[in-house]
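Each protein sequence line maps, in turn, to chains C and D. My numbering puts the first residue of the first sequence at 370, with every later residue one more than the last. My numbering puts the first residue of the second sequence at 370, with every later residue one more than the last.
Calculated from the structure, these hints are not laboratory results. Be aware that a few hints might be false.
Any copy, or any two copies together, can satisfy a pair, since identical chains are not distinguished.
[As the list claims (entries may be wrong)] In the SDA-like style, the derived pairs of lysine to any residue whose C-alpha atoms are separated by at most 20 Å in a straight line are: (1) LYS558 with ARG697; (2) LYS641 with ASN621; (3) LYS389 with ARG453; (4) LYS641 with GLY585; (5) LYS389 with ARG697; (6) LYS558 with PHE653; (7) LYS429 with ARG640; (8) LYS641 with MET425; (9) LYS429 with TRP636; (10) LYS641 with ILE623; (11) LYS429 with ASP637; (12) LYS570 with PRO390.
Number of protein chains: 2
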Amino acid sequence: MADRINRRIVLAARPDGRPKPSDFRLEQVPPPIPADGQVLLEILYLSLDPYMRGRMDDAKSYAPPVALDAVMEGGTVGRVLESRHPAHTPGDLVLSHSGWQEQAVCHGDDLRRLDPAAAPVTTALGVLGMPGFTAYSGLLTIGRPKAGETVVVAAASGPVGATVGQIARIQGARAVGIAGGPEKCALVKDEFGFDAVVDHKAPDFPERLAAACPDGIDVYFENVGGAIWDAVAPLLNTFARIPVCGLIAQYNGIPDRSADRLGRHMWDVLRKSLTVRGFIQREFADQRPAFYEAMAGWLRDGRVKYREDIVNGLENAPEALIGLLEGRNLGKLIVRVAQA
Amino acid sequence: MADRINRRIVLAARPDGRPKPSDFRLEQVPPPIPADGQVLLEILYLSLDPYMRGRMDDAKSYAPPVALDAVMEGGTVGRVLESRHPAHTPGDLVLSHSGWQEQAVCHGDDLRRLDPAAAPVTTALGVLGMPGFTAYSGLLTIGRPKAGETVVVAAASGPVGATVGQIARIQGARAVGIAGGPEKCALVKDEFGFDAVVDHKAPDFPERLAAACPDGIDVYFENVGGAIWDAVAPLLNTFARIPVCGLIAQYNGIPDRSADRLGRHMWDVLRKSLTVRGFIQREFADQRPAFYEAMAGWLRDGRVKYREDIVNGLENAPEALIGLLEGRNLGKLIVRVAQA
Numbered sequence: 370m371a372d373r374i375n376r377r378i379v380l381a382a383r384p385d386g387r388p389k390p391s392d393f394r395l396e397q398v399p400p401p402i403p404a405d406g407q408v409l410l411e412i413l414y415l416s417l418d419p420y421m422r423g424r425m426d427d428a429k430s431y432a433p434p435v436a437l438d439a440v441m442e443g444g445t446v447g448r449v450l451e452s453r454h455p456a457h458t459p460g461d462l463v464l465s466h467s468g469w470q471e472q473a474v475c476h477g478d479d480l481r482r483l484d485p486a487a488a489p490v491t492t493a494l495g496v497l498g499m500p501g502f503t504a505y506s507g508l509l510t511i512g513r514p515k516a517g518e519t520v521v522v523a524a525a526s527g528p529v530g531a532t533v534g535q536i537a538r539i540q541g542a543r544a545v546g547i548a549g550g551p552e553k554c555a556l557v558k559d560e561f562g563f564d565a566v567v568d569h570k571a572p573d574f575p576e577r578l579a580a581a582c583p584d585g586i587d588v589y590f591e592n593v594g595g596a597i598w599d600a601v602a603p604l605l606n607t608f609a610r611i612p613v614c615g616l617i618a619q620y621n622g623i624p625d626r627s628a629d630r631l632g633r634h635m636w637d638v639l640r641k642s643l644t645v646r647g648f649i650q651r652e653f654a655d656q657r658p659a660f661y662e663a664m665a666g667w668l669r670d671g672r673v674k675y676r677e678d679i680v681n682g683l684e685n686a687p688e689a690l691i692g693l694l695e696g697r698n699l700g701k702l703i704v705r706v707a708q709a
Numbered sequence: 370m371a372d373r374i375n376r377r378i379v380l381a382a383r384p385d386g387r388p389k390p391s392d393f394r395l396e397q398v399p400p401p402i403p404a405d406g407q408v409l410l411e412i413l414y415l416s417l418d419p420y421m422r423g424r425m426d427d428a429k430s431y432a433p434p435v436a437l438d439a440v441m442e443g444g445t446v447g448r449v450l451e452s453r454h455p456a457h458t459p460g461d462l463v464l465s466h467s468g469w470q471e472q473a474v475c476h477g478d479d480l481r482r483l484d485p486a487a488a489p490v491t492t493a494l495g496v497l498g499m500p501g502f503t504a505y506s507g508l509l510t511i512g513r514p515k516a517g518e519t520v521v522v523a524a525a526s527g528p529v530g531a532t533v534g535q536i537a538r539i540q541g542a543r544a545v546g547i548a549g550g551p552e553k554c555a556l557v558k559d560e561f562g563f564d565a566v567v568d569h570k571a572p573d574f575p576e577r578l579a580a581a582c583p584d585g586i587d588v589y590f591e592n593v594g595g596a597i598w599d600a601v602a603p604l605l606n607t608f609a610r611i612p613v614c615g616l617i618a619q620y621n622g623i624p625d626r627s628a629d630r631l632g633r634h635m636w637d638v639l640r641k642s643l644t645v646r647g648f649i650q651r652e653f654a655d656q657r658p659a660f661y662e663a664m665a666g667w668l669r670d671g672r673v674k675y676r677e678d679i680v681n682g683l684e685n686a687p688e689a690l691i692g693l694l695e696g697r698n699l700g701k702l703i704v705r706v707a708q709a
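Just need the whole structure built from these sequences, with the hints factored in.
This is how it looks when you write it as structure tokens:
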């Protein structure tokens, strides 16, 4: 039940490059009190995702930044402690966007009820949630892989990449994953069933990627940016599609390069009739019902698998996010805020 | 009638950067002789277009390069001198892709018959031809301007840019042109009726472009590249579309820049959900009948205007192409090879 104290983590300072633990601050405040129409939630799980790094900056982006001294935002699974909304009852498990804290109030209309009998509730933060839907909507709407085509995705052991590759295979395409280190590569190949995986830490990574894509690349699902793009670009086929959902390699700052690559890139766009399309999954919100139905079926049939990396304790969230930005997690990173 | 000599211009050397007159060679050869199914053409008009610079390089592109010592390629309007094809009769005026020469043989199936009563035959090389269709297909299929949106196009006094802006206005969008120098700017505004025009040679060009686009840019039709992109990029709205049909600023070589712009560009693609899409008009070949019908109507109604810049004499084609790559022409550049 509700403690008398709500622990929460706020943004203490805007990071300069890589975030430091001192950019976050753990606070203890009185628990919030629900008003009419609201519910009081005990947060059980907090999702950690790369986009959070962007929210820590003051730069203009697709979403407003987290204010200094405000609670870090994030998707959460919680339990209803107290309800002043007719649709919710104490004990219900719900998805909300309550951020890095142990207790929160939300308007009851903003919650999605979760059925723990249908799927583990943590999947609402991963394969059955925002990362899974990012993979589904971006791959099928922008990437549009056809049977026999080659789909390449980086961060292939992460929740978006793993799902992209598995949906690509369901479409009859060939899935080639890129991941860092032997442990992640084994997960991609053995657990997620990609046709091939390439370790981007290998010194001959570009040659290995070319060997894994003998027919070139028809869809490159871009969620990384940086040096991986340089190896992908020469392999892109005419009419290749590049959904761009993330650029984790540059979230801590765009690396300085001595030579401009944009002119070359635009020339590739022209001579290969490339489609480069940025997107945020909420653009495709009308596809969510179809996604939930399809993904639930694929999970039941074992056609889509997922891996979770669960960290215990809200106080460990800052270090876990810092690690995520450096690729230290293995699978969907989730903080267990309270025992379920 | 046919001379006993065919004059033609071949590629003498692959240019290093900007083409020089010595990269071309004028030759006199015996006139070609049509075989069964072919026709002998007297070329009246030769189209000069920016893409020709790409064909002079040996680099991999969307079309094979012109071989050394081969006739420079190009679209042409000719008159049938001799026909060994049932569909064509001496005296017919036809569109072909016969290149830089005074006489040519073509298979009769590869010709499009032109009706000089319907429109001046030179328009088959411009507004009613490949440049017009590039504007039409790229703007309507990729750019998809909606009423009230802002469409920006560079090289706006050229045949593609001028047509893009005028079709944008027909769709109810606001057309902003970019052109170099007062003469071209006046043409864009006064003759082609753009809502605004900005001179990219002005020292405060980025500020002027921003002032001309108070609601940002929804469609940037990219046919130039280079420094103009740097002024356009900050003004792009979320969900902006960027059809890329040419990069004339980099055809003579990609300028060296000391800083990499690609990371910043991809970040824009992501945070603004941009669509960047390269294309070559032939991808949309099935739209050609609709294009011919629509454009003929717009020309008749005076809703689309065009300007031609006609150079006399095949021997002047090399200098004219060199000038085109530096923006020295005013309107669609055509070489009059013989008097019609």
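Okay, the hints, checked on the actual structure:
1. Taking the shortest Cα distances, LYS558 and ARG697 sit within 20 Å of each other inside one copy (19 Å), while across copies they are farther apart (57 Å).
2. When the C-alpha separation of LYS641 and ASN621 is checked against a cutoff of 20 Å, the pair qualifies only between copies, where the shortest distance is 19 Å, while the shortest distance within a copy is 31 Å.
3. Proximity of LYS389 to ARG453 under the C-alpha cut-off of 20 Å is found in neither arrangement, the shortest distances being 39 Å within a copy and 80 Å between copies.
4. Taking the closest pair of Cα atoms, LYS641 and GLY585 come within 20 Å of each other only inside a single copy of the chain (12 Å); across copies the shortest separation is 28 Å, beyond that limit.
5. Taking the shortest Cα distances, LYS389 and ARG697 sit within 20 Å of each other inside one copy (15 Å), while across copies they are farther apart (55 Å).
6. Within a single copy, LYS558 and PHE653 get their C-alpha atoms no closer than 29 Å, and across copies no closer than 39 Å, so neither meets the 20 Å cut-off.
7. Taking identical chains as interchangeable, the C-alpha atoms of LYS429 and ARG640 lie at most 20 Å apart only when they sit on different chains, with a minimum of 8 Å there against 32 Å within one chain.
8. In this assembly of identical chains, the alpha carbons of LYS641 and MET425 lie at most 20 Å apart only when taken from different copies (18 Å versus 36 Å within one copy).
9. Within a single copy, LYS429 and TRP636 get their C-alpha atoms only as close as 28 Å, which misses the 20 Å cut-off; across copies the closest is 11 Å, which meets it.
10. In the homo-oligomer, the alpha carbons of LYS641 and ILE623 lie at most 20 Å apart only across protomers (17 Å), although the nearest pairing inside one protomer, at 26 Å, exceeds that limit.
11. Taking the closest pair of Cα atoms, LYS429 and ASP637 come within 20 Å of each other only across two copies (10 Å); inside a single copy the shortest separation is 28 Å, beyond that limit.
12. For the identical chains of this complex, LYS570 and PRO390 are neighbours neither inside a copy (27 Å) nor across copies (49 Å), given an alpha-carbon limit of 20 Å.
Checked against the numbered hints above, the structure breaks hints 3, 6, 12 and satisfies the rest.
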